[in-house]
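Participant: Residue strings, one per chain:
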Amino acid sequence: MSIGSVPVKFKVTIDNDRCMLCERCIENCSYGVFRREGQKIVPDSRKCTACHRCVAMCPRDAIDLEEKPNDYRSHPLWTREAREAIYNQAKSGKIILSGMGNALDYPIIFDRLVLDACQVTNPSIDPLREPMELRTYIGKKPERINIKKNNSGDYDLNTEIAPNLKLETPVMIGHMSYGAISLNAQKALAKAVSSVGTFMGTGEGGLHKDLYPYQSNMIVQVASGRFGVDINYLERGAAIEIKIGQGAKPGIGGHLPGEKVAEDVSKTRMIPLHSDAISPAPHHDIYSIEDLVQLVRSLKEATEWKKPVFVKIAAVHNVAAIAAGIARSSADAVVIDGFKGGTGAAPRVFRDHVGMPVEVAIATVDKILREQGIRNEVSVIASGGIRDSADVTKAVALGADAVYIGTAALIAMGCRVCGSCYRGLCPWGIATQRPELVSRLNPDEAAVNVANLINGWTLELAELMGAAGINSIESLRGNRDRLRGYMLDEGILDVLDVKMIGA
Amino acid sequence: MAEELVIDADGIHYTPLNKMIRGAAASGVKKVILKNVCGQRFIANGLKCDGIEIEIQGVPGGDLSMFMNGPEITVYGNADHAPGNTMDGGRLIIHGSTGDAVAHSMRGGEVYVRDDVGYRAGIHMKAYMEKKPVLVVGGQSRSFLGEYMAGGILVVLGLDKDCPVDGRGVGSGIHGGAIYLRNVSPEDVDAGIGAKVIVADEEDMEVIKPYILNFCRYFDADPEELMNSPFVKIIPSSARPFANKYCWE
Ligand code: SF4
Ligand code: SF4
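For the protein sequence lines, the chains are A and B, in the order given. For the first sequence, full-length UniProt numbering assigns the number 1 to the initial residue and increments by one for each residue that follows. For the second sequence, full-length UniProt numbering assigns the number 1 to the initial residue and increments by one for each residue that follows.
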């Protein structure tokens with residue numbers, strides 16, 4: 001009791017003149033903020049996570065929600081967050097879990113890179129009238145191709161092309177497992193990617209049978225716990241991804257607590273009901289790059305060399321050297337997840353302090369692969385905090401072939417980034433397995449929202465490319481001349497290999 | 001197609017070799033004999049079909065029978081790294097020793113190793129519905145046996161050894177299944193975090209009996225002697241070994 005309670009984070013107030021006592025706020029709040037007392041709705045602000053479900057559902061706009069209404073004496077070093085983390089750990093002695101992305105105020109490099117546009121000479125391209133080539137192939141590209149004239153005067157391709165994924169837009173949806181998110185959320189994402197001609201990841205939760213109709217647009221994941229992994233699962237996926245690391249928690253594994261392993265989740269992961277799904281950081285059959293090669297090839301051999309295999313790593317300090325090793329491992333793509341990546345649950349200290357921005361990781365990986373003459377051996381997929389089509393364009397200009405989005409896709413389905421996913425009570429039916437909450441998400445409607453988002457970004461990407469006088473994504477990839485650094489220091493510009501603004 | 005197919009694996013790369021095995025299985029061959037196997041990895045990787053026997057003469061390379069479902073493989077020789085990795089069903093009988101991570105994440109089927117296994121045997125072994133994986137080792141295991149084990153049965157007999165496990169961290173993070181060690185007292189087992197060592201009782205012996213009998217049949221050991229030996233059993237000390245590590249933001 002020596003510490004006592006901390007001030008509430010959010011303050012919820014009801015305008016009683018507007019409220020019509022419909023009680024929708026009570027029904028909708030899974031955190032139990034609202035109760036009715038006589039002719040009044042009474043909120044308990046302490047329970048609020050600012051998920052905004054009540055605000056969105058109130059028919060009378062009667063709910064007000066404010067952040068930090070009651071603050072401590074201000075101090076630039078001992079912020080509210082710093083102090084409250086200490087109170088929390090002084091009471092519990094435990095690791096603090098948090099959700100969603102990095103919550104520290106690091107400068108965002110994407111926002112300090114500006115794109116180019118053509119003016120009088122070398123005019124811009126009008127995407128309305130001109131074909132814009134956004135189709136992207138993920139996988140190995142041959143170093144050179146051999147063609148030969150045949151008897152009928154035509155040319156035959158004599159080079160064997162490795163299996164590639166064909167994307168209609170360089171935007172894919174990253175791996176969020178069934179267990180971490182609901183089946184309705186996965187269905188919505190699956191419908192969306194099928195309709196726009198791109199791909200999504202299953203996460204390491206297996207593939208639920210309801211998603212079989214979308215399997216040709218799904219990338220199945222193999223992580224250290226091998227949950228849901230068997231030969232049928234591998235054969236169903238369009239590609240296979242080995243997860244080594246994740247941007248929100250580099251060097252840390254996953255752990256789905258037993259209480260979330262409900263019947264259907266247990267079936268999909270192929271583990272007993274309510275057993276913990278522990279997936280530590282290391283794959284226990286990988287202790288060297290040679291061992292990684294063995295797993296990559298084993299997955300290829302099991303699926304008769306018909307599927308591309310990706311390797312996902314977190315963006316860490318020596319990411320370029322690691323990626324070069326992956327490029328030589330027979331893998332077809334390297335996924336780099338930056339430290340602004342979201343997650344359902346990560347230790348706060350990892351989420352906020354480990355890893356590095358994906359912008360730097362893409363640039364250094366692309367550069368080392370080119371220097372070593374192996375850029376064609378792997379595609380580079382960037383993820384971790386991609387917020388809009390400008391981020392996509394900049395990521396490609398820095399050297400990515402495509403991006404994965406995660407949080408952005410969830411936001412398109414209603415997520416308010418309240419960061420409480422690990423509690424399993426997501427009021428939007430996304431990061432929860434409770435049937436009454438899951439049913440709030442209509443997979444058909446949500447699929448349209450996600451598809452709209454990707455289509456909107458794709459249109460913007462075409463416009464941005466057209467403005468820069470580029471009509472093919474191939475010509476944008478790694479084209480750092482279309483970027484300039486604004487308020488970035490020389491050191492970072494050097495690492496990014498991007499010129500200063502005005503230069 | 002003949003009932004039996006003999007393949008001389010000398011100098012054949014694993015991909016064509018596996019193609020031949022798959023082709024044989026598809027055309028109804030009942031037994032494939034692989035002669036002169038020398039380090040080829042991934043043999044029978046992802047092979048799914050019941051009722052086919054594969055005999056391996058020589059030393060197969062890593063990830064033997066990974067993702068396999070159905071076949072029975074007998075190896076006359078040692079096996080490298082991770083035989084039975086993420087195996088789903090079937091049987092693997094190894095007349096020799098194996099490297100590390102044997103039966104990693106195995107979900108179903110049975111693996112019998114006559115001699116010794118390396119580090120991390122049975123790591124992440126898990127069970128699901130009717131699938132209960134079994135690993136029986138005749139000799140000795142090194143450290144980190146049955147780590148993160150989530151289901152199934154792991155038996156180490158320690159034949160001709162002072163102790164069935166030469167190393168530490170037995171069952172760290174175990175949250176399902178059971179590890180049985182012969183001829184060792186509970187205080188001599190260096191159990192990992194979350195593991196509890198108890199003396200096996202009659203009921204336990206009934207559980208492992210069929211697998212001990214199999215082992216004796218495959219490798220010509222004496223069932224009476226084995227069944228009359230003392231065993232310890234290593235089980236999770238709690239179903240939620242890491243439940244208490246976290247608090248919320
Ligand atoms: S949802 Fe709005 S109108 Fe309905 S009871 Fe709550 S505050 Fe009042
Ligand atoms: S998914 Fe749900 S719980 Fe997680 S941040 Fe979004 S709204 Fe909150």
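Incorrect hints may have been included.
[What the hints assert, rightly or not] Okay, derived cross-link-like pairs now, BS3-like style, lysine-lysine, Cα gap no bigger than 30 Å in a straight line:
no. : chain 1 : residue 1 : chain 2 : residue 2
1   : B       : LYS48     : A       : LYS267
2   : B       : LYS48     : A       : LYS94
3   : B       : LYS245    : A       : LYS267
Keep in mind that the hints were calculated from the coordinates and are not lab data.
Participant: None of the hints should be skipped; say for each whether it holds.
Facilitator: Evaluated hints:
Between LYS48(B) and LYS267(A) the alpha-carbon distance is near 20 Å, which keeps this suggested pair within the 30 Å criterion. The straight-line distance between the Cα atoms of LYS48(B) and LYS94(A) is roughly 46 Å, outside the 30 Å bound, and the hint therefore fails. Annotation: proposed proximity of LYS245(B) to LYS267(A) holds, straight-line Cα distance about 27 Å (limit 30 Å).
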